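Novice: Residue strings, one per chain:
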Amino acid sequence: MDVTLKVKRFDPETDEAAHFEEYQVDLPEYGAVLDGLLAIRDEQDGSLSMRCSCRSAICGSCAMKINGKSRLACKTMVSQLKELEGDVISVEPMGNQPVIKDLVVNMDMFWDKVNAVQPYLRPEGPVPEKEYLVSNESMMELAVAMNCIMCGACVSDCTVLEVDKSFLGPAALAKAFRFAGDPRDGHKEERLQLYTEPNGVWDCTRCFMCVSACPKDVAPMERIMDVRAMAMEAGLVNTRGARHVDAFASSVKHSGRLNELNLALKTFGFIRAGIDLAPMGIRRLFKRRLPPLMHKKIATAKNIARLFDKLGV
Amino acid sequence: MRYAFWPGCVSRAGTPELYPAATAVAEKIGMELIELEQASCTGAGVLGERNEELVDTLNARNFALAEQMGLDTLLTICSTCQGVMSSVNYKLREKPDYLAKINESLAEEGLEYKGTVRVTHMMWAVVEELGLSNLKEMVVRPLNGLKIAPFYGCYILRPRYVLGMNEEHAHRDQYLEYIIEALGGEPIDYEGKLRCCGFPIMTINEANGLKMVSNHTLEAKDMGAHALVTPCPLCHLNLDEFQPKAAKSAGKPINMPVLHLPQMIGTALGFSVRDMGLQRHIVSTEPFIELSGMPRR
Ligand code: FES
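Heads up: the protein sequence lines correspond to chains W and S, in order.
The numbering used here applies: residue 1 is where the first sequence begins, and numbers increase by one.
The numbering used here applies: residue 1 is where the second sequence begins, and numbers increase by one.
Just so you know, the hints here were simulated from the structure itself, not pulled from any lab data.
Hints are all accurate, no fakes.
Calculated pairs, DSS-like style, for lysine-lysine (alpha carbon to alpha carbon, straight line, at most 27 Å):
id : chain 1 : residue 1 : chain 2 : residue 2
1  : S       : Lys101    : W       : Lys253
2  : S       : Lys211    : W       : Lys287
3  : S       : Lys101    : W       : Lys302
4  : S       : Lys248    : W       : Lys165
5  : S       : Lys101    : W       : Lys310
Examples of chain S residues lying across from chain W (beta carbon under 8 Å, computed):
id : residue
6  : Ala13
7  : Cys41
8  : Lys211
Only a predicted model underlies this, so the values are computations on that prediction, with no experimental measurement involved.
Glycine included, every Cβ here is placed at the ideal spot set by N, Cα and C.
Using the sequences and the hints given, assemble the complete structure.
Specialist: Spelled out as structure tokens, the structure:
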């Protein structure tokens with residue numbers, strides 16, 4: 001199978017800026033993008049740099065942007081790409097992290113963030129004589145997050161990190177879930193406090209980018225939502241994020257529909273909402289674009305409220 | 001085609017120009033929309049953080065209301081509603097035991113969801129059911145010479161398996177481009193089109209949300225776009241309403257008109273500025289209106 005790979009090259013010693021170079025390689029039907037890159041390095045240009053090791057989606061070394069999406073080069077089949085996304089395959093280094101050379105990025109930020117969530121068990125109380133005993137079910141919930149191979153694909157595609165490098169990000173927060181949810185850990189509350197600080201779980205935009213990028217179905221964003229739920233359950237409700245969720249819930253419970261005006265007032269508090277939203281209100285007034293001031297209930301709103309009560313919200 | 005219709009909360013409140021524009025366009029292109037008057041908010045992804053089962057129950061209730069009216073397709077004009085409905089529907093169809101449990105809650109109101117509803121968005125229905133060639137034939141004022149930046153919004157793109165994009169509808173992430181072309185316009189390609197508008201964090205980290213707004217609108221502007229179009233009213237809220245503020249923090253003017261998808265279709269089908277509510281946006285749509293040659297009223 002003839003394959004055209006457009007690879008982004010950058011050598012800090014000779015290049016001012018990165019540029020694409022095109023290569024033709026011959027691969028077997030079952031070839032992966034990584035096979036193509038290795039073929040280029042072995043047969044055409046020995047200076048092409050990339051990270052790889054296991055070649056079987058285990059070590060997490062080979063994440064890069066393939067046709068603009070972050071994926072593992074060893075797991076991404078060339079024949080499938082050609083069929084679904086076109087003949088020329090573009091390969092770039094991961095996003096959101098500085099490029100060292102060609103397809104190799106500096107992952108210091110990734111590891112710093114993972115370290116920041118205390119990614120290790122901190123049990124409390126007397127150490128049992130033998131091992132800690134936990135139920136199967138409680139570990140099954142954590143198993144999804146344990147599948148993480150630390151490849152960085154989620155961090156590479158994170159839309160919040162694109163605008164704010166201080167966000168803890170999907171990989172670290174999925175790891176946070178894994179420890180906050182572990183029945184053997186003795187510092188759950190302290191952890192939840194830490195994870196709900198600014199730059200933590202409430203800063204996620206829920207864009208699903210990391211869910212799409214993760215090659216191991218960790219679905220980091222879903223784990224972030226799990227931590228949010230855990231935190232609210234634990235009574236950490238005095239964050240803007242939690243207030244937003246609660247205001248949202250009470251609006252729908254009351255009328256069956258969302259009352260946006262009320263939502264803003266409750267999330268920001270009356271005074272800040274007044275100051276912050278007034279210019280927008282005025283702009284809207286000029287455009288005859290005010291939302292209905294009297295928010296109408298639907299006729300069956302009582303039934304909706306009953307469902308909320310039944311499920312304890 | 002007949003559809004059960006769920007307009008979403010925002011199309012009537014935060015972006016009140018969307019509802020009349022969408023229903024007028026639907027009528028023109030032969031989509032019969034039967035509104036679910038007693039449907040509730042889908043939870044918009046927010047409610048689910050509190051209680052997932054509640055969200056599944058509320059959405060199952062909406063589906064059951066559609067079934068009760070004898071309708072098998074539920075159409076919405078909000079990407080976010082669509083995203084929540086599609087993922088709940090996917091889950092309920094995969095897990096019959098769970099659906100049975102949800103139905104127990106619905107029984108108190110005399111409702112049952114049988115699992116027969118298909119969720120769609122107006123953008124999908126235009127391509128998949130009306131068809132692009134039919135749409136083309138209806139065009140009376142082609143968007144000639146107009147460069148338009150598609151902006152999808154997250155929930156109509158991801159996760160692919162929930163949105164049928166791993167199977168028969170692999171190209172749903174190109175429908176905006178298809179529609180722009182069918183209307184005679186020129187879609188522009190830019191990084192931002194598949195990214196997040198920033199709306200969900202506006203109440204939490206406004207600075208970050210505003211950066212997303214300025215990044216995407218400025219990128220579209222650099223690429224020569226005359227307007228940006230979106231199938232999601234929440235994206236519209238952020239990209240239009242917060243654009244002046246985003247421009248201020250970015251330190252440069254933006255002035256990028258942001259259209260709802262039905263407004264763009266309506267423009268090419270001969271509707272007026274008034275009909276489409278284009279005068280009601282926060283960012284002036286004048287440059288687009290002038291280039292399109294659409295009548296004022
Ligand atoms: S080389 Fe190990 S994951 Fe790809």
